[in-house]
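Student: In the order they appear, the protein sequences are chains A and B. With my numbering applied, the first sequence corresponds to residues 1 to 111, in that order. With my numbering applied, the second sequence corresponds to residues 1 to 114, in that order.
Keep in mind the hints are simulated off the structure, nothing from the lab. One or more hints might be untrue.
Claimed, not checked - Here are the computed lysine-lysine pairs in the DSS-like style, where the Cα-Cα straight-line distance is at most 25 Å: (1) A/K36 with A/K98; (2) A/K36 with B/K9; (3) A/K36 with A/K56; (4) B/K57 with A/K98; (5) A/K51 with A/K36; (6) B/K57 with B/K71; (7) A/K51 with A/K98; (8) B/K71 with A/K70; (9) A/K98 with A/K70; (10) B/K71 with B/K9; (11) A/K98 with B/K14; (12) B/K70 with B/K57.
What the hints assert, rightly or not - Selected chain B positions facing chain A (in silico; Cβ < 8 Å): (13) V60; (14) P61; (15) F90.
Computed from a predicted structure; not experimentally measured. The beta-carbon is built from N, C-alpha and C at its ideal position, and this holds for glycine as well.
Listed here are the chains, written in short residue letters.
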Amino acid sequence: GQQVMQIPQYQHVQEGEDFTTYCNSSTTLSNIQWYKQRPGGHPVFLIQLVKSGEVKKQKRLTFQFGEAKKNSSLHITATQTTDVGTYFCAGPQTSYDKVIFGPGTSLSVIP
Amino acid sequence: NAGVTQTPKFRVLKTGQSMTLLCAQDMNHEYMYWYRQDPGMGLRLIHYSVGEGTTAKGEVPDGYNVSRLKKQNFLLGLESAAPSQTSVYFCASTGPRGSYNEQFFGPGTRLTVL
Chain A
1 GQQVMQIPQY
11 QHVQEGEDFT
21 TYCNSSTTLS
31 NIQWYKQRPG
41 GHPVFLIQLV
51 KSGEVKKQKR
61 LTFQFGEAKK
71 NSSLHITATQ
81 TTDVGTYFCA
91 GPQTSYDKVI
101 FGPGTSLSVI
111 P
Chain B
1 NAGVTQTPKF
11 RVLKTGQSMT
21 LLCAQDMNHE
31 YMYWYRQDPG
41 MGLRLIHYSV
51 GEGTTAKGEV
61 PDGYNVSRLK
71 KQNFLLGLES
81 AAPSQTSVYF
91 CASTGPRGSY
101 NEQFFGPGTR
111 LTVL
């Protein structure tokens with residue numbers, strides 16, 4: 001069946017360092033979503049990418065959708081303690097009904 | 001506009017007990033979902049609904065039942081709780097039908113089964 005993987009599983013960085021998480025799907029995706037979950041909180045939608053090769057920025061966060069629409073990345077420039085949390089990617093399954101979430105990358109930022 | 005709400009927030013059950021988790025949304029969304037989250041496992045879909053009166057199985061449906069009698073509510077039932085069902089349960093909703101949109105999550109229910 002369809003699988004969505006993320007690497008790394010955990011990342012510890014010093015405040016001010018950059019961070020990147022990668023998402024890979026076993027199948028081509030029509031779009032990909034990214035969510036952030038703060039410790040003890042619930043997932044919150046960050047962005048959706050639709051086009052092949054698309055790049056979107058939200059302040060220090062840069063999201064990219066691969067040319068083959070099977071992978072995506074989230075890059076954070078100059079991490080801050082407010083970036084702490086788990087970042088999930090999610091891709092649609094065969095219909096509009098549901099998506100499959102990756103296992104997430106947990107980011108720790110050391111002040 | 002409360003978004004997605006879940007009750008209860010915390011619950012401790014003994015093995016074999018039953019309970020119902022309630023999810024409510026006020027965004028008129030067609031789709032509603034129940035996920036469970038375990039350490040290192042991400043979010044796994046238990047059951048979902050594409051509209052009032054409809055339900056479907058997700059990735060890990062065994063041991064759970066659901067109902068969607070009203071569009072705004074989605075109930076998750078555990079008939080005979082087992083320790084393996086200790087988890088954090090999230091409800092989510094999205095809409096409209098026929099397009100991919102962000103999912104809105106509730107605050108979660110932390111369930112411990114002893």
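Student: CA of B/K71 to CA of A/K70, is that 25 Å or under?
Tutor: Distance ~34 Å between B/K71 and A/K70 Cα, so the pair is violated.
Student: Does the structure keep A/K51 and A/K36 at a Cα separation of 25 Å or less?
Tutor: With a Cα-Cα distance of about 21 Å, the restraint between A/K51 and A/K36 holds, given a limit of 25 Å.
Student: Given the hinted pair A/K98 and B/K14, is their Cα-Cα distance within 25 Å?
Tutor: 32 Å, violated
Student: Holds or violated: are the alpha carbons of A/K36 and A/K56 at most 25 Å from each other?
Tutor: 16 Å, holds
Student: Taking the least C-beta to C-beta distance, is B/P61 closer than 8 Å to chain A?
Tutor: 13 Å, violated
Student: Was the hint right that B/V60 lines chain A, CB cutoff 8 Å?
Tutor: 12 Å, violated
Student: Within a Cα-Cα threshold of 25 Å, do B/K57 and B/K71 meet the stated pairing?
Tutor: 18 Å, holds
Student: Holds or violated: A/K36 and A/K98, Cα atoms, limit 25 Å.
Tutor: Since the Cα atoms of A/K36 and A/K98 sit roughly 18 Å apart, the hinted pair holds (cutoff 25 Å).
Student: For the pair supplied as a hint, A/K36 and B/K9, confirm whether the alpha-carbon distance does not exceed 25 Å.
Tutor: 20 Å, holds
Student: Is the hinted pair A/K51 and A/K98 satisfied, with a Cα-Cα distance of at most 25 Å?
Tutor: 19 Å, holds
Student: Close enough to count: is the Cβ of B/F90 nearer than 8 Å to one in chain A?
Tutor: 6 Å, holds
Student: For a C-alpha distance cap of 25 Å, please report whether B/K70 and B/K57 respect it.
Tutor: Cα-Cα ~18 Å, so holds.
Of the numbered hints listed earlier, those contradicted by the structure are 8, 11, 13 and 14.
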